[in-house]
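Colleague: Given next are the chains, with one letter for each unit.
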Amino acid sequence: MSETGKTYALFAMVVVLIIGTGVVQSWNSALFILNMGLISAIMALGVNLQWGIAGLLNVGIMGFVALGGLATVLVSMDPVPDAWDAGGPRLFLGLALGAASILAVVMAYAKLPKGWARIIGVAIVAIIGFNITRGVLDPAVQAVEAVNPALTGYLGGLGLPVLIAWPVGGLFAAAAAWVIGKTALGLRSDYLAIATLGISEIIIAILKNEDWMSRGVKNVIGIPRPLPYEIDLQADPSFVERAAGLGLDPMTASTLYVKIGYGVLFAIVLGILLVLSQLALNSPWGRMMRAIRDNETAARAMGKNVTARHLQVFVLGSAICGIAGAMMTTMDSQLTPGSYQPLRFTFLIWVMVIVGGSGNNLGSILGGFLVWFLWVQVEPLGAGLMNIITMPMAEDSAIRAHLLEGAAYMRLLTMGVFLLVMLRFSPKGLIPEK
Amino acid sequence: MSDPFLIGDCMTGGYGKGPDILHECTIAVEKGEIAVIVGPNGAGKSTAMKAVFGMLDVRQGAVRLQGQDITKLSPQDRVLKGMGFVPQTHNIFTSMTVEENLEMGAFIRTDDFRPTMEQVYDLFPILRDKRNQPAGELSGGQRQQVAVGRALMTKPSVLMLDEPTAGVSPIVMDELFDRIIEVARTGISILMVEQNARQALEIADKGYVLVQGRNAFTGTGQDLLADAEVRKSFLGG
Amino acid sequence: MDFLNALVVLANFVVIPGIAYGSQLALGALGVTLVYGVLRFSNFAHGDTMAFGTMVVVLVTWWMQSVGITFGPLPTALLALPVGIAATAVLMVGTDRMVYRFYRQKKAEPVVYLIVSLGVMFIMAGLVRFIIGPNDQSFSDGERFIIKVRDFKQMTGLDEGLAIKTTQGITVVTAIVVVAVLFWFLNNTRTGKSMRAFSDNEDLALLSGINPERVVLYTWLIVAALATIAGTLYGLDKSFKPFVYFQLLLPIFAAAIVGGLGNPLGAIAGGFVIAFSEVTVTYAWKKVITYVVPDAWAPEGLVQLLSTEYKFAVSFVILVIVLLIKPTGLFKGKAL
Numbered sequence: 012m013s014e015t016g017k018t019y020a021l022f023a024m025v026v027v028l029i030i031g032t033g034v035v036q037s038w039n040s041a042l043f044i045l046n047m048g049l050i051s052a053i054m055a056l057g058v059n060l061q062w063g064i065a066g067l068l069n070v071g072i073m074g075f076v077a078l079g080g081l082a083t084v085l086v087s088m089d090p091v092p093d094a095w096d097a098g099g100p101r102l103f104l105g106l107a108l109g110a111a112s113i114l115a116v117v118m119a120y121a122k123l124p125k126g127w128a129r130i131i132g133v134a135i136v137a138i139i140g141f142n143i144t145r146g147v148l149d150p151a152v153q154a155v156e157a158v159n160p161a162l163t164g165y166l167g168g169l170g171l172p173v174l175i176a177w178p179v180g181g182l183f184a185a186a187a188a189w190v191i192g193k194t195a196l197g198l199r200s201d202y203l204a205i206a207t208l209g210i211s212e213i214i215i216a217i218l219k220n221e222d223w224m225s226r227g228v229k230n231v232i233g234i235p236r237p238l239p240y241e242i243d244l245q246a247d248p249s250f251v252e253r254a255a256g257l258g259l260d261p262m263t264a265s266t267l268y269v270k271i272g273y274g275v276l277f278a279i280v281l282g283i284l285l286v287l288s289q290l291a292l293n294s295p296w297g298r299m300m301r302a303i304r305d306n307e308t309a310a311r312a313m314g315k316n317v318t319a320r321h322l323q324v325f326v327l328g329s330a331i332c333g334i335a336g337a338m339m340t341t342m343d344s345q346l347t348p349g350s351y352q353p354l355r356f357t358f359l360i361w362v363m364v365i366v367g368g369s370g371n372n373l374g375s376i377l378g379g380f381l382v383w384f385l386w387v388q389v390e391p392l393g394a395g396l397m398n399i400i401t402m403p404m405a406e407d408s409a410i411r412a413h414l415l416e417g418a419a420y421m422r423l424l425t426m427g428v429f430l431l432v433m434l435r436f437s438p439k440g441l442i443p444e445k
Numbered sequence: 058m059s060d061p062f063l064i065g066d067c068m069t070g071g072y073g074k075g076p077d078i079l080h081e082c083t084i085a086v087e088k089g090e091i092a093v094i095v096g097p098n099g100a101g102k103s104t105a106m107k108a109v110f111g112m113l114d115v116r117q118g119a120v121r122l123q124g125q126d127i128t129k130l131s132p133q134d135r136v137l138k139g140m141g142f143v144p145q146t147h148n149i150f151t152s153m154t155v156e157e158n159l160e161m162g163a164f165i166r167t168d169d170f171r172p173t174m175e176q177v178y179d180l181f182p183i184l185r186d187k188r189n190q191p192a193g194e195l196s197g198g199q200r201q202q203v204a205v206g207r208a209l210m211t212k213p214s215v216l217m218l219d220e221p222t223a224g225v226s227p228i229v230m231d232e233l234f235d236r237i238i239e240v241a242r243t244g245i246s247i248l249m250v251e252q253n254a255r256q257a258l259e260i261a262d263k264g265y266v267l268v269q270g271r272n273a274f275t276g277t278g279q280d281l282l283a284d285a286e287v288r289k290s291f292l293g294g
Numbered sequence: 078m079d080f081l082n083a084l085v086v087l088a089n090f091v092v093i094p095g096i097a098y099g100s101q102l103a104l105g106a107l108g109v110t111l112v113y114g115v116l117r118f119s120n121f122a123h124g125d126t127m128a129f130g131t132m133v134v135v136l137v138t139w140w141m142q143s144v145g146i147t148f149g150p151l152p153t154a155l156l157a158l159p160v161g162i163a164a165t166a167v168l169m170v171g172t173d174r175m176v177y178r179f180y181r182q183k184k185a186e187p188v189v190y191l192i193v194s195l196g197v198m199f200i201m202a203g204l205v206r207f208i209i210g211p212n213d214q215s216f217s218d219g220e221r222f223i224i225k226v227r228d229f230k231q232m233t234g235l236d237e238g239l240a241i242k243t244t245q246g247i248t249v250v251t252a253i254v255v256v257a258v259l260f261w262f263l264n265n266t267r268t269g270k271s272m273r274a275f276s277d278n279e280d281l282a283l284l285s286g287i288n289p290e291r292v293v294l295y296t297w298l299i300v301a302a303l304a305t306i307a308g309t310l311y312g313l314d315k316s317f318k319p320f321v322y323f324q325l326l327l328p329i330f331a332a333a334i335v336g337g338l339g340n341p342l343g344a345i346a347g348g349f350v351i352a353f354s355e356v357t358v359t360y361a362w363k364k365v366i367t368y369v370v371p372d373a374w375a376p377e378g379l380v381q382l383l384s385t386e387y388k389f390a391v392s393f394v395i396l397v398i399v400l401l402i403k404p405t406g407l408f409k410g411k412a413l
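Residue numbers (my numbering), protein chains in the order written: chain A, 12 to 445; chain B, 58 to 294; chain C, 78 to 413.
Keep in mind the hints are simulated off the structure, nothing from the lab. Please note that a few of the clues may not be correct.
Pairwise CB distance ranges, derived in the manner of DEER restraints [what the hints assert, rightly or not]:
(1) Val275/A to Gln381/C: 45 to 53 Å
(2) Val321/C to Lys193/A: 28 to 36 Å
(3) Asn212/C to Ser13/A: 48 to 56 Å
(4) Gly314/A to Glu175/B: 35 to 43 Å
(5) Glu186/C to Ser13/A: 27 to 35 Å
(6) Leu171/A to Asn212/C: 36 to 44 Å
(7) Pro211/C to Ser40/A: 23 to 31 Å
(8) Lys74/B to Leu392/A: 43 to 51 Å
(9) Phe262/C to Ala23/A: 56 to 64 Å
(10) Pro159/C to Asp114/B: 43 to 51 Å
(11) Gly234/C to Leu114/A: 49 to 57 Å
Each residue gets a CB set at the ideal place from its N, CA and C atoms; glycine is no exception.
I would like the entire structure built from these sequences, with the hints used as guidance.
Modeller: So, in structure tokens, the structure goes:
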């Protein structure tokens, strides 16, 4: 079978799997898998840009995704005027002072002569800056967080349409990636991996603890939607009528309508990003990136600024992850920092890229759908399997209860085995790089 | 005529699946003698020696040690057969002490290697003084002594040296050559690749001039030094 | 007197916890650094390896407790430790045979190993959660304190008390013993020296007749022991929760890199640098300062630089500073 034929066949298989889910389980689950598959595919596309095309290891995808989520809150939630009155300007003054302190530390490091003078100087600047910042910031934070903590307790957002948050999420992620890239690129490849692992943990820690920004672990719920609410649809007579025409009850029809709406929106974003990625991949820029990946020394010898190129592609890839993160939070209509798990949001994306075919955009999209499908479906399968295995055991057997409970973690095992088997027997992935 | 002690006979081959670098090249050394491979840059000098040591595919020809065909043996197995090899670079364990370097050289030996170590220290007295220093802290010439000493620890019957004097000063070079002659006197055959062709040929019993992976001239060291054409082409007049 | 009280508070809340935590990180970082030195890749599965070893120790401890085996005043977990090490060693060697060896024979790039280690991490994480679940488990027993606050106050007559938990004492003693044995092994045994030689210069080690498979085998055995011991000590001191062990990857890697990846001495130094930075930055200094300065200057706030939730930020910032200023680490990395 030709390469194109194989690609079509694999994508057809994904379509069959999703439609099969619709027929066997429910159309709601099928659409859920489709929508999250679209988002996963976008994340995989971003990681593929970094790893497949430039050979950069990003182990902090979760952080960039979470920044996208933060962007949705900051852009689309209504501002909380009381909180702004209580300490908004002072809070921003504090943040500005913090930024200025960091700048001053960097300046002190650059300007002072090497040796003790530099160490002491930098320390003094850092201590002074830190104290001033905290002095201004802390009361403001307390004031803001004290405003109706059960419902708000944060500054809120800008109250803009939520779709604007998607590109903003990309920008947030790009900014974080730039900082990381500046420090860790150009060093050994695993340093970038460890640095990204670190920044993602920190981003999640910030989301969990800075209540004034996005309510921390109290979560932000009810983020505005780009699509109508199910309740409103069910109350709309013309919608109910059309649903009845299709033989659906209003409830099912409304949820399907919303889900399909998200599917269309996500598909448009994925389509745009795919076209851009393909253009980039086949442009002189993309060829240069691959040349650098295949032989960095030669590329350097030819006068290419490898580190700068890497920074570009790292920022771009992270931005794509940020966009996907904003889309995901939009679909969920809530930001729950506690739900960001590295296994789910960093390492699973890696499985997608490797399985799909690193270096091939279509491959990573396929990997996104396929691996997401498995991730969702392995859990009920594992539970079913455990049910069968434990059938002969007594109803109240502790081992049986334990095995049934543990079935949820079967999917971690499955994904690990899946990844290792792919790496071993088909390291180029399902749709290899051309 | 019986085989020389060690001979790479009519070797043709290259690295991995790459093109042939050697073409019917023959290198041999007799017991207790010094054979030197010289030639212009890229002539395949080091490659010829690595072929003898089993570090590349010899597709035609054979390598025989004491009449035994060892063409198919891995470098490690050749060490067991009594061949010692000193690579051109990265030839010592920089983070380990001099003595530990020598111990590692004797890793495959199960008998007491103390006497051999004493012999190495007698040959290179400076190493005895620096036995507890990390080898990476030594000077270039001393590092080469460690490298040679490490290879001698297996009590090899033939010692192969890849450009042992690369990057050391002329005085140190003379000193190293003296030591190499001393090693040869103990009955160990020496096969070495050298950039400093003239000095090397002066101490060589046998010289091989390689050009583009082929034997161009072969003879005793003195013959080659006297040969007008060799002088003109390779020794700068 | 105030000054002594300040010192006691400092020892109680900063020095002693810092030493204990530093020892745990050092043992963890030693494992990472050994894998890096010999197998030449950053092992992302190390945190979950620690979790696996600790899990076995926890299970065996529970079993021992249930049949009434105890270790007197010491935690039963110490008795269970050898079983945990053995199980982890089997797992590590098995993983190497089934997974890593293939890439070694292919002479794969370090990044490939790194991604492979992500797959291994998934499997181990799944295994641990499948067997013991994702929740907090406590398995510490025996005497809780070596020195109790009250006893210390009575002994010294100071206002402030000093407590040394048994687990802290055990951590430090075990760490010293383990490190001493490890360094003795690396510096004085034939196998240990061959590991160092292999780490220093792989090609020359091969030329010297050192068997790489044997070196790798010993490395995994040692790493299994280090990971299980580090994990168990951490678990005894705090508690055992699989996800926390994954998160320990960050300070452990930071420690290994700060000290110089591949350098065992560096790993130990790095462990203490990270631990003390974390503890000092997240400690509320109010009490200490109040004792030392005149009453009028006593601070109002807690004088805590960062809340404990941000302790990862500390390792991260130190990591970034080291990467920016001295990427090879405090001690020169690479080579055992």
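Colleague: Now, for every hint given, state plainly whether the structure supports it.
Modeller: Verification of the hints:
1. Val275/A to Gln381/C: 45 to 53 Å: Once the Cβ atoms are compared, 50 Å apart, the range 45 to 53 Å for Gln381/C and Val275/A holds.
2. Val321/C to Lys193/A: 28 to 36 Å: 30 Å Cβ-Cβ, so the 28 to 36 Å window holds.
3. Asn212/C to Ser13/A: 48 to 56 Å: holds (51 Å)
4. Gly314/A to Glu175/B: 35 to 43 Å: Check failed, 55 Å falls outside 35 to 43 Å.
5. Glu186/C to Ser13/A: 27 to 35 Å: holds (30 Å)
6. Leu171/A to Asn212/C: 36 to 44 Å: holds (41 Å)
7. Pro211/C to Ser40/A: 23 to 31 Å: At roughly 25 Å between Cβ atoms, Ser40/A and Pro211/C fall inside 23 to 31 Å, so the hint holds.
8. Lys74/B to Leu392/A: 43 to 51 Å: holds (45 Å)
9. Phe262/C to Ala23/A: 56 to 64 Å: holds (58 Å)
10. Pro159/C to Asp114/B: 43 to 51 Å: holds (48 Å)
11. Gly234/C to Leu114/A: 49 to 57 Å: With Cβ atoms ~50 Å apart, the hint holds.
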